[in-house]
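J.: Generate coordinates for the entire structure from the input sequences, incorporating the hints supplied.
In the order they appear, the protein sequences are chains X and B.
Take the position in the first sequence, starting the count at 1, then add 90; the result is the number in my numbering.
Take the position in the second sequence, starting the count at 1, then add 126; the result is the number in my numbering.
Bear in mind the hints are in silico, worked out from the structure with no lab data behind them.
What you are looking at is a predicted structure, and each value in this text was computed from that prediction instead of being measured.
Cβ coordinates follow ideal geometry from the N, Cα and C atoms, glycine included.
Where hints are given, some of them may not hold.
[To be verified] Pairwise CB distance ranges, derived in the manner of DEER restraints:
| # | chain 1 | residue 1 | chain 2 | residue 2 | range |
| --- | --- | --- | --- | --- | --- |
| 1 | B | Gln230 | X | Arg513 | 49 to 55 angstroms |
| 2 | X | Arg95 | B | Pro133 | 32 to 38 angstroms |
| 3 | X | Pro331 | B | Leu227 | 53 to 59 angstroms |
| 4 | B | Arg204 | X | Val453 | 54 to 60 angstroms |
| 5 | B | Leu227 | X | Ala505 | 38 to 44 angstroms |
| 6 | X | Arg118 | B | Leu227 | 37 to 43 angstroms |
| 7 | X | Ala505 | B | Gln230 | 56 to 62 angstroms |
| 8 | X | His148 | B | Gln230 | 34 to 40 angstroms |
| 9 | X | Ser495 | B | Pro133 | 47 to 53 angstroms |
| 10 | B | Gln230 | X | Pro331 | 27 to 33 angstroms |
| 11 | B | Gln230 | X | Ser125 | 42 to 48 angstroms |
| 12 | B | Arg134 | X | Ala505 | 29 to 35 angstroms |
| 13 | B | Leu227 | X | Arg513 | 25 to 31 angstroms |
[As the list claims (entries may be wrong)] Under 7 angstroms between C-beta atoms, here's a sample of chain X residues computed to sit facing chain B:
| # | residue |
| --- | --- |
| 14 | Tyr109 |
| 15 | Met113 |
| 16 | Phe117 |
| 17 | Leu121 |
| 18 | Val140 |
| 19 | Arg142 |
| 20 | Ala143 |
| 21 | Gly146 |
| 22 | Glu351 |
| 23 | Asp353 |
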Amino acid sequence: MNLYRILLRACPAAFRAEYGAEMEALFRRRLRGSSPAERLWLWLTACLDVPRAGAGAHLDLLRQDLLLAARSARKAPGFTGAVVAVAALGVAASTAVFSIADHVLFRALPFPEPQALVKLWQKTGEYARMDVSPANYRDWKSAGHGFESMAAFRALTVNLSGLGEPERLSGASVNHDLFHVLGIGAELGRTFTPEEDRAGSPGTVILSHGFWLRRFGGDPAVIGRPVQLDGEPFTIIGVMPAGFNYPRRDVQIWTAMRFTEDDFADRGNCFLGVVARLKPGVALEQAQAGMSVVAANIEKAYPSREELRGITVIPLRDEVPARSRTALVVLVAAAFFVLLIACANLANLLAFRGASRRREMQVRTALGAGRDRLVRQLLTESGFLAVLGGCLGTGLAIIVVPLLSRLAPAALPIAEVPVTDWRVLCFAVALTLLTGIAAGVAPALRVGSDALSARGGGAMRHARLRRVLVAVQIGASLALVISTGLLGRALLKLQAQEPGFATVKRLTFRTSLPMPKYLDREPRERFYKTVLEGIRALPGVRSASVISFRPMGDFRGGIWKVIVPGEARDTRGSARFVTPEYFNTMGIPLLRGRDFLSTDKPETGRVAIVSQSFVEDHWPGESGLGRRFAIPFGDLSFTIAGVVADVRFRGLEFRSEPQMYFAHSQAPDKAFVWFAPKDFVIAASVRPDSLIPAIRRIVERADPQQPVSDVQTLTELVSEETAARRTQLWVVIVFSAAALMLAGVGIHSLLAFSVAQRTQEIGVRRALGAQAGHIASLVLFEALLLSMAGAALGAGGAYWLGSAMEALLAGVSASDLGTLAASFGVLSLMAALGLAAPLIRALRVDPAATLRAE
Amino acid sequence: MAAEESPRLPDACFHILLALASEDRHGYGIIREIEQRTGGKLKLSPGTLYRSIQRMVEQGLLVESEERPAPEFDDERRRYYRITPEGKRAAASEAERLASLVAQARATGLIPQRSQR
Numbered sequence: 091m092n093l094y095r096i097l098l099r100a101c102p103a104a105f106r107a108e109y110g111a112e113m114e115a116l117f118r119r120r121l122r123g124s125s126p127a128e129r130l131w132l133w134l135t136a137c138l139d140v141p142r143a144g145a146g147a148h149l150d151l152l153r154q155d156l157l158l159a160a161r162s163a164r165k166a167p168g169f170t171g172a173v174v175a176v177a178a179l180g181v182a183a184s185t186a187v188f189s190i191a192d193h194v195l196f197r198a199l200p201f202p203e204p205q206a207l208v209k210l211w212q213k214t215g216e217y218a219r220m221d222v223s224p225a226n227y228r229d230w231k232s233a234g235h236g237f238e239s240m241a242a243f244r245a246l247t248v249n250l251s252g253l254g255e256p257e258r259l260s261g262a263s264v265n266h267d268l269f270h271v272l273g274i275g276a277e278l279g280r281t282f283t284p285e286e287d288r289a290g291s292p293g294t295v296i297l298s299h300g301f302w303l304r305r306f307g308g309d310p311a312v313i314g315r316p317v318q319l320d321g322e323p324f325t326i327i328g329v330m331p332a333g334f335n336y337p338r339r340d341v342q343i344w345t346a347m348r349f350t351e352d353d354f355a356d357r358g359n360c361f362l363g364v365v366a367r368l369k370p371g372v373a374l375e376q377a378q379a380g381m382s383v384v385a386a387n388i389e390k391a392y393p394s395r396e397e398l399r400g401i402t403v404i405p406l407r408d409e410v411p412a413r414s415r416t417a418l419v420v421l422v423a424a425a426f427f428v429l430l431i432a433c434a435n436l437a438n439l440l441a442f443r444g445a446s447r448r449r450e451m452q453v454r455t456a457l458g459a460g461r462d463r464l465v466r467q468l469l470t471e472s473g474f475l476a477v478l479g480g481c482l483g484t485g486l487a488i489i490v491v492p493l494l495s496r497l498a499p500a501a502l503p504i505a506e507v508p509v510t511d512w513r514v515l516c517f518a519v520a521l522t523l524l525t526g527i528a529a530g531v532a533p534a535l536r537v538g539s540d541a542l543s544a545r546g547g548g549a550m551r552h553a554r555l556r557r558v559l560v561a562v563q564i565g566a567s568l569a570l571v572i573s574t575g576l577l578g579r580a581l582l583k584l585q586a587q588e589p590g591f592a593t594v595k596r597l598t599f600r601t602s603l604p605m606p607k608y609l610d611r612e613p614r615e616r617f618y619k620t621v622l623e624g625i626r627a628l629p630g631v632r633s634a635s636v637i638s639f640r641p642m643g644d645f646r647g648g649i650w651k652v653i654v655p656g657e658a659r660d661t662r663g664s665a666r667f668v669t670p671e672y673f674n675t676m677g678i679p680l681l682r683g684r685d686f687l688s689t690d691k692p693e694t695g696r697v698a699i700v701s702q703s704f705v706e707d708h709w710p711g712e713s714g715l716g717r718r719f720a721i722p723f724g725d726l727s728f729t730i731a732g733v734v735a736d737v738r739f740r741g742l743e744f745r746s747e748p749q750m751y752f753a754h755s756q757a758p759d760k761a762f763v764w765f766a767p768k769d770f771v772i773a774a775s776v777r778p779d780s781l782i783p784a785i786r787r788i789v790e791r792a793d794p795q796q797p798v799s800d801v802q803t804l805t806e807l808v809s810e811e812t813a814a815r816r817t818q819l820w821v822v823i824v825f826s827a828a829a830l831m832l833a834g835v836g837i838h839s840l841l842a843f844s845v846a847q848r849t850q851e852i853g854v855r856r857a858l859g860a861q862a863g864h865i866a867s868l869v870l871f872e873a874l875l876l877s878m879a880g881a882a883l884g885a886g887g888a889y890w891l892g893s894a895m896e897a898l899l900a901g902v903s904a905s906d907l908g909t910l911a912a913s914f915g916v917l918s919l920m921a922a923l924g925l926a927a928p929l930i931r932a933l934r935v936d937p938a939a940t941l942r943a944e
Numbered sequence: 127m128a129a130e131e132s133p134r135l136p137d138a139c140f141h142i143l144l145a146l147a148s149e150d151r152h153g154y155g156i157i158r159e160i161e162q163r164t165g166g167k168l169k170l171s172p173g174t175l176y177r178s179i180q181r182m183v184e185q186g187l188l189v190e191s192e193e194r195p196a197p198e199f200d201d202e203r204r205r206y207y208r209i210t211p212e213g214k215r216a217a218a219s220e221a222e223r224l225a226s227l228v229a230q231a232r233a234t235g236l237i238p239q240r241s242q243r
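T.: Laid out in structure tokens, this is it:
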């Protein structure tokens, strides 16, 4: 029968007390005289019957309690509003941040069996993740045993023409295997066949869903239509489904990648991304071990190229940039603090109300309500309010999530804005219930025990609980304020960081020249000359030039090995081709020597201009002028003709390699095609965007097929560097403002309550001659105690947060004194505001009135 | 509560009210009475029985009876339940509802007319 009693535990205590014994007796009676088979049947039905009865009784209670909760919520609209708003704030903050963090960090990638997908990188010296050369890729693919399939791709930008306005498209050039590796087929038409990967087969192109909708209005008849990419004929063969964004979110088209024998000639010619699918049952470690063997074999075959040996295998999911990861983790922590404060605040509000309802509870206890019944009712009440807040908060989160989309890096194959699905909603529901329970349980238990105890002791314990809760709020908000301060300092520091070039009244735009039309230097030079002459002739233009890639633009690679005679070290520099006047236009100071000249020709001896750090790296203390160095491509060597200041081309917060600039007028034909200058820069004396229409006309005159894209002022360019940070900072600012407000309200309500309770005491003290200062010290002492306890908690929390986000602080110390001092100042101000009203009330207590009441 | 407005009585409750219509009974007595009445077709489980009783007590259809039947049949530990006037009204209105349904079924010829004996 013990089992039956265990089953009865599923019923509410009151029901059990009332009917449990009877049910048990009845059941025993049934068992008596039944056959073993019947007994088994009876037990089986009892296992269903009793819990079902229990669930029904629980539901009845819940319905009653909800009615009570709704009624008391209506009776106290101010209290209800405050609780719902606080709960909504906590749930909204956490749900919005969870939604974006889950989207970027945890959610499975939108491919079948995504856990089997890995990315392979070449490990070269200090660079753990380098692009792969076609020759290495070919060896990896034929020798890698742990993989079901492997595919390579590279970024692609092409000019689309033949459909009206020419347009520059970003996409990817891919092996036909890519779609097989990722496990996604075409929505319309087909993907590439192995034949299409071979040089010489007709051009075919696959469209992204978004591009298909935008440019073709979702017309299914698009399959088979001819288009021109970089002036070559291509046929549209397929459209990928919505949400297929590989390798980047902004990809618009895919073309088949075709290798020529030249591509395999040099193992140092690294430009491929490699993705693979593990064979079923093969673990990542096994695959990595297998690839290490492959790497060792490559080492044996090419002992001279030591830098090309290592291979890194990582899950595709882990491609999130470390900085984005840290930024999101910090936000999750901040949201957690907001939730904590919200819960503490709610608990405080509920405890406050619990105190004022002590009589009601005592009456109900006297009428026979058990303690667990009261606890249950109070929990239902806090749960009810939390659910109201949770609904509001979830709605709010859904609205604000798109504003946070900047926190999702574009380099991931995921959508820009996370979808609100059952995962997010489950999280919100769990959070809401947690909030309701966390906020409600302590006050409910207090009230339950209070109701039974004598009058005085309960009030003392109430006060203690509320003090702890307020201290927690102060602590958590201090931690948030300090973190906000640190992130703000870091942002200011970065914004003060000199990019190395001038940004004011500078404009840049791109003309990606299609190949093979512009494969040779001569036609490119003609194009640049026409466009630059046109632009320079515009009123308001001071100078103009063109470079391979603008600094801090979409391509920050192009890091070449540098060969200096007599130097054995492995050193590198970033390579760019430019036309004359580049440095002048960008405001990059020319420190020594000269700029490129129109007289620099292939036959005049190749010259280079390098950055100051390049000279310091190789010839410390020297001017560097006249020194010679070479690059490992085409046996080209250069004489340094000029030295310029360094530019942070990799971005404000990254270390940038020393820079090498080469004269485009000396570039060999049919080589360095990827580095053909395409980013024009203009220094203007007028508002730079006013020049755009004229520029478009000039480019159109030079080549009607040539689109203009990526028009941007340099101010915008640099400001984009810190855009994700600014979004993050905004979120943290909003969080800390909310936290401060909540903590302020917490201090206020606690002190107001304690002054109200001590009105008599204060009155008597005044009547006995206590000075205003003495009365004030009573209130101030309590506030000081609270603030100090909170500050101690907060300092700990801030230290933890600060060290967690060290990578984001751009060198600002986690214990930055200025920030700490300012944060304590802000907190004191908040405490003072929360303190003011109760203090004034305490000072205004009229001793005569108190004595009369006594 | 007017008959039309009273919510449909669950089957188990209707049977319990019928079982209590003639005399007060304890739980086991109610189950046995229903079993006999339905020729063994309906055997209420303890859970269903006491859940129904709880609800009907809350709705005022039943009360726990203070009086005990003949002492020789009484068992101290058991609780006896008695139907209230409210409960009688609810049972009657449910019976009428069922009768009217049956009458409609007869009128459509779904089941044979009652013999006019």
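J.: A separate judgement is required for each hint: does it hold in the structure or not?
T.: Each hint, compared with the structure:
1. Taking 49 to 55 angstroms as the suggested C-beta distance range, the pair Gln230 of chain B and Arg513 of chain X conforms, at roughly 51 angstroms.
2. A beta carbon spacing of about 34 angstroms between Arg95 of chain X and Pro133 of chain B agrees with the range 32 to 38 angstroms that was offered as a hint.
3. Evaluation of the 53 to 59 angstroms hint for Pro331 of chain X and Leu227 of chain B yields a pass: the beta carbon distance comes to about 55 angstroms.
4. Roughly 33 angstroms separates the CB atoms of Arg204 of chain B and Val453 of chain X, a value that falls outside the hinted 54 to 60 angstroms.
5. For the pair Leu227 of chain B and Ala505 of chain X, the supplied restraint of 38 to 44 angstroms is violated, since their beta-carbon distance comes to about 57 angstroms.
6. Range check, Arg118 of chain X to Leu227 of chain B: about 39 angstroms between beta-carbon atoms, so the 37 to 43 angstroms window is met.
7. For the pair Ala505 of chain X and Gln230 of chain B, the beta carbons lie near 59 angstroms from each other, so the given range of 56 to 62 angstroms is met.
8. Against the hinted window of 34 to 40 angstroms, the Cβ-Cβ separation of His148 of chain X and Gln230 of chain B comes to about 38 angstroms, which satisfies the hint.
9. In this structure the hint that Ser495 of chain X and Pro133 of chain B lie 47 to 53 angstroms apart at CB holds, the actual value being about 51 angstroms.
10. Hint check: Gln230 of chain B to Pro331 of chain X, Cβ distance near 56 angstroms, so the stated range 27 to 33 angstroms is violated.
11. The given range of 42 to 48 angstroms is respected by Gln230 of chain B and Ser125 of chain X, whose C-beta atoms sit roughly 44 angstroms from each other.
12. For the pair Arg134 of chain B and Ala505 of chain X, the beta carbons lie near 50 angstroms from each other, so the given range of 29 to 35 angstroms is not met.
13. Between Leu227 of chain B and Arg513 of chain X the Cβ separation comes to about 48 angstroms, which falls outside the hinted range of 25 to 31 angstroms.
14. Annotation: interface hint on Tyr109 of chain X holds; nearest CB of chain B at approximately 4 angstroms, less than 7 angstroms.
15. Taking 7 angstroms as the C-beta contact cut-off toward chain B, the hint placing Met113 of chain X at the interface holds, the least distance being around 4 angstroms.
16. For Phe117 of chain X, the interface hint holds, since its Cβ comes within 7 angstroms of a Cβ in chain B; the closest pair sits about 5 angstroms apart.
17. Hint status for Leu121 of chain X relative to chain B: violated, with the closest Cβ pair at about 11 angstroms, above 7 angstroms.
18. The restraint placing Val140 of chain X at the interface with chain B holds, with a minimum CB-CB distance near 5 angstroms, inside the 7 angstroms limit.
19. This hint holds: Arg142 of chain X has a C-beta 6 angstroms from the nearest C-beta of chain B, less than the 7 angstroms allowed.
20. About 3 angstroms separates the beta-carbon of Ala143 of chain X from the nearest beta-carbon of chain B, less than 7 angstroms, and the hint is met.
21. Contact between Gly146 of chain X and chain B, as hinted, is supported at the beta carbon level, the nearest pair being about 5 angstroms apart and thus within 7 angstroms.
22. Interface hint status for Glu351 of chain X: violated, as the beta-carbon distance to the closest one in chain B is roughly 81 angstroms, over 7 angstroms.
23. Taking 7 angstroms as the C-beta cut-off, the interface hint given for Asp353 of chain X is violated, the closest approach to chain B being about 77 angstroms.
When the structure is compared with the earlier hints, violations turn up for hints 4, 5, 10, 12, 13, 17, 22 and 23 and for no others.
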